[in-house]
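Full structure from sequences and hints, please.
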Amino acid sequence: GDSVTQTEGQVALSEEDFLTIHCNYSASGYPTLFWYVQYPGEGPQLLFRASRDKEKGSSRGFEATYDKGTTSFHLRKASVQESDSAVYYCALSDPTSSFSKLVFGQGTSLSVVP
Amino acid sequence: AQTIHQWPVAEIKAVGSPLSLGCTIKGKSSPNLYWYWQATGGTLQQLFYSITVGQVESVVQLNLSASRPKDDQFILSTEKLLLSHSGFYLCAWRLGVNTGQLYFGEGSKLTVL
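Protein sequences appear in the order of chains A and B.
Read in order, the letters of the first sequence are residues 1 to 114 in our numbering.
Read in order, the letters of the second sequence are residues 1001 to 1113 in our numbering.
I should point out that these hints are in silico values taken from the structure, not numbers from a laboratory.
Hints may be right or wrong, so weigh each one.
[Unchecked claim] Residues on chain B that point at chain A, a partial pick, calculated with CB under 10 Å: (1) Trp-1007; (2) Tyr-1034; (3) Val-1059.
Glycine is no exception: its CB is placed at the ideal position from the N, C-alpha and C atoms.
Written out as structure tokens, the structure is:
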């Protein structure tokens, strides 16, 4: 079945550090890929998405490039801020899915200290 | 603008007691609706989805049921809660069937004691 793997469970950084969160996927079709962010006590909200190979998604200084060859969609930000502290989820939507399922990775908890 | 409202915000319930969580979407006709469950510190797991009134598909069996009595309403329920039902329940709606993003509600936190 479809799956999403995020390598980092927790990431601790200082402000202005560079961020990378690794996301690899497995899908039978040609999925759309998403990055969601969730703040404590809230529902996840979309950061951005990409639906074609080599397409770059970006928002709020975060970016990721769809790479079909390596089945990856790694999240990066050049300079993190304390306000970026949250849980980040990589997800995929497979058009061949029989029941309209959005599959999420395990999530990566980002903590940024001033 | 579309809005999604979940109720209650939080519940503390005893094992074996019944549960009903609700979700209402305004400003969007005939949305695709979803229930997700999130254990503390865990990922999001899809429980149910519904494309139209009266039709609900189950994705994971967790001794829960869902119903869609109105176009803009989605209900999650069980007659007997288990300890394992504790967590964060999220309702969401979606534009497209397979490529559109999900819009989540604020969630309902359930603690089963």
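Checked hints:
Checking Trp-1007/B against chain A by beta carbon gives a least distance of about 14 Å; that is not within 10 Å, so the hint is violated. Restraint check, Tyr-1034/B versus chain A: the minimum CB separation of about 8 Å is within 10 Å; hint holds. The beta carbon of Val-1059/B is positioned within 10 Å of a beta carbon in chain A (closest approach about 6 Å), and the interface hint is therefore held.
Of the numbered hints stated above, the single one contradicted by the structure is hint 1.
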